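> Sequence:
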Amino acid sequence: MVKKLIVKLIVISSLFVVFPTTIHAQNQGLELTTVYEVTDNDAQEGDIVSTGDRGLVRSTIGFDNKMFGVIQNAPIIVYQNKDSKGKPVIRSGVAMVNITNLNGPVKYGDYITSSLIPGKGQKASESGYVLGIALADFDASGALQIDGPNGKVASGKIQLAVKVEYAELTNPRFASRLFAFIGSSFLENINDPKKFGQVVRLLAAGLIVLLSFTFGFLTFSRSITKGVEALGRNPLAKNTIQLSIIINIGLLIITGIIGIVASILIIRL
Numbered sequence: 085m086v087k088k089l090i091v092k093l094i095v096i097s098s099l100f101v102v103f104p105t106t107i108h109a110q111n112q113g114l115e116l117t118t119v120y121e122v123t124d125n126d127a128q129e130g131d132i133v134s135t136g137d138r139g140l141v142r143s144t145i146g147f148d149n150k151m152f153g154v155i156q157n158a159p160i161i162v163y164q165n166k167d168s169k170g171k172p173v174i175r176s177g178v179a180m181v182n183i184t185n186l187n188g189p190v191k192y193g194d195y196i197t198s199s200l201i202p203g204k205g206q207k208a209s210e211s212g213y214v215l216g217i218a219l220a221d222f223d224a225s226g227a228l229q230i231d232g233p234n235g236k237v238a239s240g241k242i243q244l245a246v247k248v249e250y251a252e253l254t255n256p257r258f259a260s261r262l263f264a265f266i267g268s269s270f271l272e273n274i275n276d277p278k279k280f281g282q283v284v285r286l287l288a289a290g291l292i293v294l295l296s297f298t299f300g301f302l303t304f305s306r307s308i309t310k311g312v313e314a315l316g317r318n319p320l321a322k323n324t325i326q327l328s329i330i331i332n333i334g335l336l337i338i339t340g341i342i343g344i345v346a347s348i349l350i351i352r353l
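Residues in the sequence shown are numbered from 85 upward in steps of one, following the numbering used here.
There may be inaccurate statements among the hints.
Here are the in silico distance ranges between beta carbons for each label pair [as the list claims (entries may be wrong)]:
{"#": "1", "residue 1": "K236", "residue 2": "G193", "range": "22 to 30 Å"}
{"#": "2", "residue 1": "L253", "residue 2": "G170", "range": "29 to 37 Å"}
{"#": "3", "residue 1": "I341", "residue 2": "G170", "range": "46 to 54 Å"}
{"#": "4", "residue 1": "I348", "residue 2": "R138", "range": "24 to 32 Å"}
{"#": "5", "residue 1": "G170", "residue 2": "I338", "range": "53 to 61 Å"}
{"#": "6", "residue 1": "G188", "residue 2": "I348", "range": "44 to 52 Å"}
{"#": "7", "residue 1": "G193", "residue 2": "Q282", "range": "13 to 21 Å"}
Capping the alpha-carbon separation at 16 Å, the derived lysine to aspartate or glutamate pairs in EDC-like fashion look like this [said to hold, decoys possible]:
{"#": "8", "residue 1": "K241", "residue 2": "D223"}
{"#": "9", "residue 1": "K150", "residue 2": "D137"}
{"#": "10", "residue 1": "K191", "residue 2": "D221"}
{"#": "11", "residue 1": "K171", "residue 2": "E121"}
These are computed hints drawn from the structure, not numbers from a lab. Keep in mind it's a predicted model, so treat the numbers as computed, not measured. Ideal placement from N, C-alpha and C gives every residue a C-beta, glycine not left out.
Put together the whole structure using the sequences plus the hints.
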């Protein structure tokens with residue numbers, strides 16, 4: 085019986101060495117990370133990265149809704165295929181993150197998000213996408229000074245509980261959250277002229293559809309209602325009234341179709 089138990093333990097243990105997984109020991113907490121290809125050559129350990137057209141690059145806007153994780157060269161556990169090349173990126177767990185006081189002093193428990201400084205985090209003071217929660221205060225006194233959008237800012241590293249999510253800090257209601265998300269997405273697209281043009285086309289297409297249906301209902305629905313009322317008052321003109329109702333319904337449908345077709349053409353421009 086003891087021999088069978090020993091054999092089972094040997095078989096189970098062997099499974100952990102079959103798969104190409106690298107394990108590093110370090111007292112930073114427990115985190116599981118995967119190696120991803122980071123196309124930004126200037127990205128360093130602790131930098132916040134986001135998904136982009138060229139792959140994973142350093143985050144360069146605040147509250148980036150494409151935030152992916154943080155680079156960590158020596159986490160506890162790294163999952164890596166034999167042929168994979170890249171850098172370990174933590175998406176959930178505890179990691180050391182590059183931080184600045186760009187948006188004010190960082191205290192324990194503050195939400196941390198991306199910033200205008202490539203790869204560097206800042207305190208989140210409003211609702212939006214965040215990287216995680218600070219597990220320590222950031223002491224800006226004596227810290228390294230780097231260039232910020234409006235002058236020098238203090239930069240360093242703090243421990244962070246990483247979990248990319250939308251944090252509700254100032255707008256508790258769903259409607260406010262929705263408008264905040266739309267606003268952040270709109271501001272992001274302004275930085276890319278192609279995306280901004282696409283947003284304008286989508287807004288124009290939606291406006292045309294709305295106007296076409298509004299015009300149809302205000303113009304033809306009244307005639308349909310009056311026609312139904314006229315059937316009761318003048319039964320002798322039933323056929324004429326019914327024909328008028330059918331024509332108005334047809335015009336209402338055609339107006340809606342024209343609006344939809346026009347919006348599709350605008351989107352495809």
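> Each hint: holds or not?
Each hint, compared with the structure:
1. K236 x G193: 22 to 30 Å: Since K236 and G193 have Cβ atoms about 26 Å apart, the given range 22 to 30 Å holds.
2. L253 x G170: 29 to 37 Å: Between L253 and G170, where Cβ atoms are some 33 Å apart, the hint holds.
3. I341 x G170: 46 to 54 Å: holds (50 Å)
4. I348 x R138: 24 to 32 Å: holds (31 Å)
5. G170 x I338: 53 to 61 Å: holds (56 Å)
6. G188 x I348: 44 to 52 Å: holds (47 Å)
7. G193 x Q282: 13 to 21 Å: violated (39 Å)
8. K241 x D223: holds (10 Å)
9. K150 x D137: holds (11 Å)
10. K191 x D221: holds (4 Å)
11. K171 x E121: It holds: about 6 Å lies between the C-alpha atoms, which stays within 16 Å.
Violation of the numbered hints given earlier is confined to hint 7; every other hint is satisfied by the structure.
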